[in-house]
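Engineer: Okay, here's what each chain looks like letter by letter:
Number of protein chains: 2
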Amino acid sequence: MRKPSDEISLDPRDWDAFSRAAHTALDDAIEFLRTVDQRPVWQPPPESLRTSTNDAVPTLETSFEEVYAEFKNTILPYATGNTHPRFFGWVHGAGLAGGIVAEMLAATMNSNCGGRDHGAIYIEKEVVNWCKELFGFPVESSGLLVSGTSMANLIGLGVARNSRAEANIRMHGLKNHARTLVSYTSAEAHESVVRAIEILGLGAASLRKIPVRADFAIDVEVLRNAITEDRRAGMEPFCVVGSAGTVNTGAIDPLDQLSSLCVAENLWFHVDGAFGALACLSDSLRSRLTGIERADSLAFDFHKWAQIQYDAGCILVRRGDLHRAAYSMRPSYLHNLGRGLASGENWPCEFGPELSRSFRALKIWFAFKEHGIRKIGHIIEQNCEQAQYLKHRIAREPNLELLAPVSLNIVCFGFRQPGLEAVESDKLNEDIVADLQELGVAAPSTTRVEGRVAIRVNITNHRTRTADLNVLIDAVLSAGRARTAAGISPER
Amino acid sequence: MRKPSDEISLDPRDWDAFSRAAHTALDDAIEFLRTVDQRPVWQPPPESLRTSTNDAVPTLETSFEEVYAEFKNTILPYATGNTHPRFFGWVHGAGLAGGIVAEMLAATMNSNCGGRDHGAIYIEKEVVNWCKELFGFPVESSGLLVSGTSMANLIGLGVARNSRAEANIRMHGLKNHARTLVSYTSAEAHESVVRAIEILGLGAASLRKIPVRADFAIDVEVLRNAITEDRRAGMEPFCVVGSAGTVNTGAIDPLDQLSSLCVAENLWFHVDGAFGALACLSDSLRSRLTGIERADSLAFDFHKWAQIQYDAGCILVRRGDLHRAAYSMRPSYLHNLGRGLASGENWPCEFGPELSRSFRALKIWFAFKEHGIRKIGHIIEQNCEQAQYLKHRIAREPNLELLAPVSLNIVCFGFRQPGLEAVESDKLNEDIVADLQELGVAAPSTTRVEGRVAIRVNITNHRTRTADLNVLIDAVLSAGRARTAAGISPER
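From first to last, the protein sequence lines are chains X and P. In terms of our numbering, the first sequence has 1077 at position 230, counting the first letter as 1, and numbering is strictly consecutive. In terms of our numbering, the second sequence has 1183 at position 336, counting the first letter as 1, and numbering is strictly consecutive.
I should point out that these hints are in silico values taken from the structure, not numbers from a laboratory. Among these hints, one or two may not hold up.
[As the list claims (entries may be wrong)] The list that follows gives simulated cross-link-like pairs (lysine-lysine, DSS-like), each with its CA atoms no further than 30 Å apart:
hint: 1; chain 1: X; residue 1: Lys972; chain 2: X; residue 2: Lys1022
hint: 2; chain 1: P; residue 1: Lys919; chain 2: X; residue 2: Lys1222
hint: 3; chain 1: P; residue 1: Lys850; chain 2: X; residue 2: Lys1222
hint: 4; chain 1: X; residue 1: Lys1022; chain 2: P; residue 2: Lys972
hint: 5; chain 1: P; residue 1: Lys1222; chain 2: P; residue 2: Lys979
hint: 6; chain 1: P; residue 1: Lys1222; chain 2: X; residue 2: Lys919
hint: 7; chain 1: X; residue 1: Lys972; chain 2: P; residue 2: Lys919
hint: 8; chain 1: P; residue 1: Lys979; chain 2: X; residue 2: Lys919
hint: 9; chain 1: P; residue 1: Lys919; chain 2: X; residue 2: Lys979
hint: 10; chain 1: P; residue 1: Lys1274; chain 2: P; residue 2: Lys1222
hint: 11; chain 1: X; residue 1: Lys850; chain 2: P; residue 2: Lys1222
hint: 12; chain 1: P; residue 1: Lys850; chain 2: X; residue 2: Lys1238
hint: 13; chain 1: P; residue 1: Lys972; chain 2: X; residue 2: Lys919
hint: 14; chain 1: P; residue 1: Lys1022; chain 2: X; residue 2: Lys1056
hint: 15; chain 1: P; residue 1: Lys1056; chain 2: X; residue 2: Lys1022
hint: 16; chain 1: X; residue 1: Lys850; chain 2: P; residue 2: Lys1238
These numbers were taken from a predicted model, which means no experiment stands behind them.
Okay, chain X solo, but in the shape it has when bound (with noise of 0.2 Å):
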């Protein structure tokens, strides 16, 4: 047994080295962000990189410094490109300076935000009641962060699957449950609900996608019949998935309409607004939410339109209790003791599959304490307003077209060269987007709408100006004429 006098530990054997590691670090982040707009967007991984995937783990020491010039030189000019005011890929927020200094206030105090009682829980709670407030949900209701959409859909769904009154599927499963249950969404819902319908073993087949009208809405009269057939056929109908803002094109489900078949059939109403829910941040967009205030589960990002630092989602559910129920399980070493540090009722690990969970609330708090809603709430008009404007541009312009409606802040749209067929027309679409990538000059995605290839603007960033919606639709315009004037381009 060695002696106490040889007993080492993992913190800095000299304090004041590291100390000005570390602000030499912080300089270069706050430099990184400062001047991200003179950056290529994005630039692809050089080889060394991707060959690194292949290094033996590290068996002996390395100083802090050593390791921090070879994160500056192989990793740091390699990120998503998010940061940057013409992403304009996927739905990903920009990030925010204060964040970088909250995520590292997060980890000095490093706490375990499963339980107990400490300050990260009673954060994480006012940031919950927070967007309790926001949505006018009520008091009883209850909210855990999580990752993202993706996980609060899971978590949503299974509190709608576990609450159906004549069954314990926590108890006994679904192999046992009387009838088959089956959900609804809309053809243009996120692939997340397939997911978590899948990990609660529902099964994809008994999520029934409802076609969507011109506004890529959902059908309400279709899922009305669709409801009312399977219940002739025998299954059990439990759930309806609303969209604020879907994916593809931002559509928004006639919310209200759904929460009203929803009560009379006697369905959970779950509400998917991983973006466009903070929508209801901006007063004059906040109509086109209307009903998202009557859902059962609500779903949402922070990470995308707040524009906090990845990652950082969220689950509301109107009954607390029935969320509680559907995962709570307190055994006897998270005994609550009544004082000290293992007190606090309702601790987030009864809400969630997780019982290790990061101080994820600081970062929110931080930036709403900052920033509050109301400029949140202005940079959202701000990027509806872009979306509008580079409508209009596309509309200028003969060798563009718009393939979508713009119902936010996502612009669906082609570069169109007559006498193509299809096929060409998809690959000159794509890559047009994967030109603009690698130059570095914008960050734009790609999608299908209606079968066709588009180019998807997705505009959730605080940095972006309207200099540079004319900077990208310039080179997309000087990337399609370069490719058709070539012939269409071979390689792939």
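Let chain X serve as the given structure and place chain P on it in line with the hints.
Structural biologist: Relative to chain X, chain P alone:
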């Protein structure tokens, strides 16, 4: 529509002022860690913090400096306490100084690690490959970083469920599955296993809790008989969950025997190695885990014995193809263009429920590079030696009694007072633990061992010295004697 000149962002108006505030925060953070042993382990959050949960959502802006000052005064002093050398509660790691920089840098890059082709993806792949190397997993295995073992258990058992050869459970669900799927674990297994089984729709009743032997490890013969009986009764056994370090006592199931049994019975072998798995970093402890390299899936945490900041866990799956088949989903908006940002194979979102994922790998990469696995392994050995020291110290104290064998780093004991009824003794020991926490002198937790309340000391703490254990024992004796001298405390 607003004019481009009116466009705003959430970036600092004055980067220099922000930089000054951020550097102050960093100084405070480093000082917090450097002087952690000079403060109480834990102190109760004051009433003002508890009631701040009802504060209205902030509408207007506040300066970053003001928000930081509020954090420093009202939140920072009330951490969980696990950074302190005398935190012995539950199984929390103590965190690393370098981790606060790594988290700051991850927040700077703000990468979304759901997929695509950028630096963070390769660092996660590198970290996962290190884990495959550490546990002897084959090259075709797969892995994913997650919040912790609760999530990792859910994902691993999800693969086990979805891999049943004769069915397509992802598509058709459990209701239509021919027979009831049943699984097995020990009575000492972690409750996250139960919760995973519940979420997956299998029902807690389908998980057989097999009794343990005197060493708190699963009784393999009882398990074998249970499988046979279930088959006879028309059930479909599909999975055995072994524990590498149980939460109550640190017991390790006979993994090699369990693996052989699973091969013979054609069952999936999942290992919950939350904290114990990383004992593989120690040359002297590694042999205790023999068989772990044969697991079909392995769940473990970095934020426990590897001291990584919360949260950080991992799931490894021996057959990467089955892992991917259980979760992969690539809708049109995530189409791989073959080049540019949307390229790369085996996106992380294809291996679990999350599409939004922070750059969790960076803090692990930093820690393994800086400290090397040999030194982390020394800390693990040191903690186990400290547990042995504690055991011997307890044996020498007439008022103390060991309540379970010390397998690794967990010591369960009680303050013994002749003449007390069991219920009085239980209450006395709970009171002692709460006394110590409220005094701030040390933070053990409680659990029940064979029905009796135990003072549970878990040492997964690189800052703990033998001297801290003496402080703990002295404080337990002092609190116990004070309470028994005064008569059993009436308050609760």
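Engineer: Quick one: which hint numbers does this structure break? Sort them smallest to largest.
Structural biologist: Hint check: 1, 4, 10 fail, others pass.
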